[in-house]
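Q: Sequence order for the protein chains is Z and X.
Quick note: the first sequence uses our numbering, first residue 272, plus one each step.
Quick note: the second sequence uses our numbering, first residue 3, plus one each step.
Keep in mind that the hints were calculated from the coordinates and are not lab data.
Which chain Z residues stay away from chain X? Per the calculated CB distances, all over 12 Å, these:
1) A307
2) S384
3) Q405
4) E411
Distance condition first, Cα-Cα at most 30 Å in a straight line; then the derived DSSO-like pairs of lysine-lysine:
5) K412/Z x K317/Z
6) K380/Z x K408/X
7) K380/Z x K292/X
8) K358/Z x K408/X
Idealized CB from N, CA, C, for every residue including glycine.
Each chain, letter by letter, is given below.
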Amino acid sequence: MKNIKTYLILLLFSLASISQVKADGHADKIQVIVNAQSELSKLSRKHVMSLFLGRARSFPNGKPAKAFDNEMGSDIRSTFFEVLTGKSISDIDAYWARLRYSGRASPPKELDSTSKILEVVGSDNMALAYVRGQDEAELEKQGILVVYTLEAN
Amino acid sequence: MKNRFISFQLLSPIFVIKRTLSYFFLLVICSNVLADGHPHDSWEVTSFGTLGYTHTSKYDDLVIKRNITQRSIEVERSGWLIDSSLGVQVRKELEHNWDVVGQVVAKEKVNDSIEQSIEMAFLRYRSNDNWSFQLGRMVLDTFLLSDHRDVGYSYHTVRPQTEFYAWIPFSHYDGLKTTFEFGDFDSLVRFEVFLGKAKSTVNIGYLDTSTSYNYAKVAPIIGTGITWEKDDFTLRASIARFRFTQNTNAIKQLDVVVGRVEELWPESRVIADGYSIKDVEITYGSIGFKWTPGAWVVQSEFSDVNGDNFGNYDGQRLYLQVGRRFGEFLPYVSYAYSWDDREFPYDPPVFDDGLAFVLPGGQDQLDAVRAGSGAIYSLLKDNLNSGLMNQRSLSLGVRWDFASQKALKFQCDYATLEDGSLGIYPTQDTPEFGERNWTRDSRSWCSTTFDWVF
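Go ahead and model the full structure; you've got the sequences and the hints to work with.
A: Shown next as structure tokens:
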């Protein structure tokens with residue numbers, strides 16, 4: 272009986288650890304998402320960089336793209352750009368200040384929550400954004416596809 | 003304080019207000035017409051600013067300035083004026099690939115009227131991903147930093163390199179611009195052509211008299227540039243040409259002064275005409291790059307300025323900046339050189355002793371003519387120094403990004419100015435009529451700025 276109890280405790284502990292790892296694994300991934308109607312299946316790192324840094328205004332398939340950003344100063348935003356570009360977020364902000372205040376381009380519009388981002392991407396087939404730790408199956412139910420994943424370690 | 007409107011000739015207050023209102027009215031009309039009643043987005047309103055301080059009164063024989071549009075005496079009086087500025091930008095995206103952009107910047111300059119504080123007010127149409135067309139007021143973007151030099155947060159130094167940028171009298175122009183860009187997700191090439199007119203009031207020299215504040219207008223100003231961007235590398239080359247439409251107050255005054263002696267000294271008229279800028283054309287070309295591999299920043303530009311007459315800015319300019327980011331800190335070093343080897347090509351006037359027998363006043367009059375002509379010769383020779391930029395500087399600084407969209411910078415500059423090199427930094431040793439005195443020497447200043455965008 273004592274052994275069964277021990278086994279059960281160990282089993283519960285193991286299951287908890289696995290789900291924690293899974294949850295953390297999701298949390299360490301930043302997912303670039305588009306609308307399922309965008310006719311895209313995946314994007315490369317260069318595509319994602321160009322679209323989020325204002326160098327490209329269309330997807331590789333020629334369809335117009337509209338990038339959306341997370342809130343300025345948010346952890347996900349810093350992590351996303353730093354991992355994507357290898358530059359500090361301050362350098363990225365300075366880059367956008369240069370483009371914006373020379374009149375060339377505006378940075379992606381900020382959305383203040385993950386739910387808002389999902390709502391916009393789910394309803395706009397030009398939209399492109401990034402979120403953290405979302406279940407891909409759940410995203411598909413909302414008409415959203417993950418086209419690129421960043422390991423945010 | 004002198005009434006600066008006297009220097010602005012036709013720019014009466016009513017005219018300035020009307021012109022300013024017309025720009026914003028145009029923006030509003032266009033946005034309403036093109037919005038089709040259902041605008042894409044609301045107005046995007048953002049701002050940027052710099053609060054900066056330099057000990058500008060450190061020396062009693064030289065004043066540091068950011069550029070020639072600043073008032074020398076005011077900048078010397080308050081070290082807060084040299085780099086401080088506040089800008090507001092509005093943008094609205096309209097239907098059918100149209101947008102409108104407007105930007106106003108408040109900063110120290112001779113003409114700080116609302117109309118001249120509008121740096122951008124244009125309508126843009128993007129026909130597709132390759133072509134765009136702009137009409138209205140746009141920032142002059144011939145050099146790497148010239149289209150965002152008011153936005154301290156966007157670059158790592160306290161101010162754009164003085165030797166390279168300070169002599170540029172115009173920050174914006176009214177006209178049209180066409181851009182063609184192409185590329186893939188790997189690289190981008192952009193061609194730009196622009197045509198327009200520009201005006202500015204500059205203070206070359208130390209004094210604040212009517213001949214020290216000079217209104218300069220150019221039409222047309224025409225230019226073209228090409229930019230190539232790949233990964234961390236940007237290369238830009240451009241060339242522009244502009245034509246002055248009228249002489250400045252200083253040159254008109256020179257004309258009057260020379261009129262008193264030209265009968266006895268005909269060469270004085272030749273010299274004065276050599277300084278005339280009416281219908282003179284200036285060409286400037288530049289090439290520059292910015293490379294940001296990893297944590298490093300390397301930036302360099304070279305330019306050549308060429309005028310039709312000997313009295314204007316001329317010569318070559320070069321700078322190299324290297325910096326490396328360490329977390330929140332970005333220390334950098336910068337070296338700049340501006341050289342202009344023009345010399346005054348005329349000898350002092352010589353009057354024959356025999357002239358005393360011809361002049362009504364005899365010897366006394368001849369003595370007066372010699373003294374007066376000598377003084378005018380000094381003035382004419384000194385005028386060349388107003389356009390001379392023979393200097394180099396070494397700058398060390400650090401940028402600290404201590405918070406999101408905010409940065410503190412600290413920079414020290416060590417500048418060496420050659421003989422007569424008074425094209426940018428003026429000397430307080432400036433008589434109202436006569437020769438300034440500057441012999442080769444070095445000066446240093448330290449500056450600090452707080453830059454932000456929001």
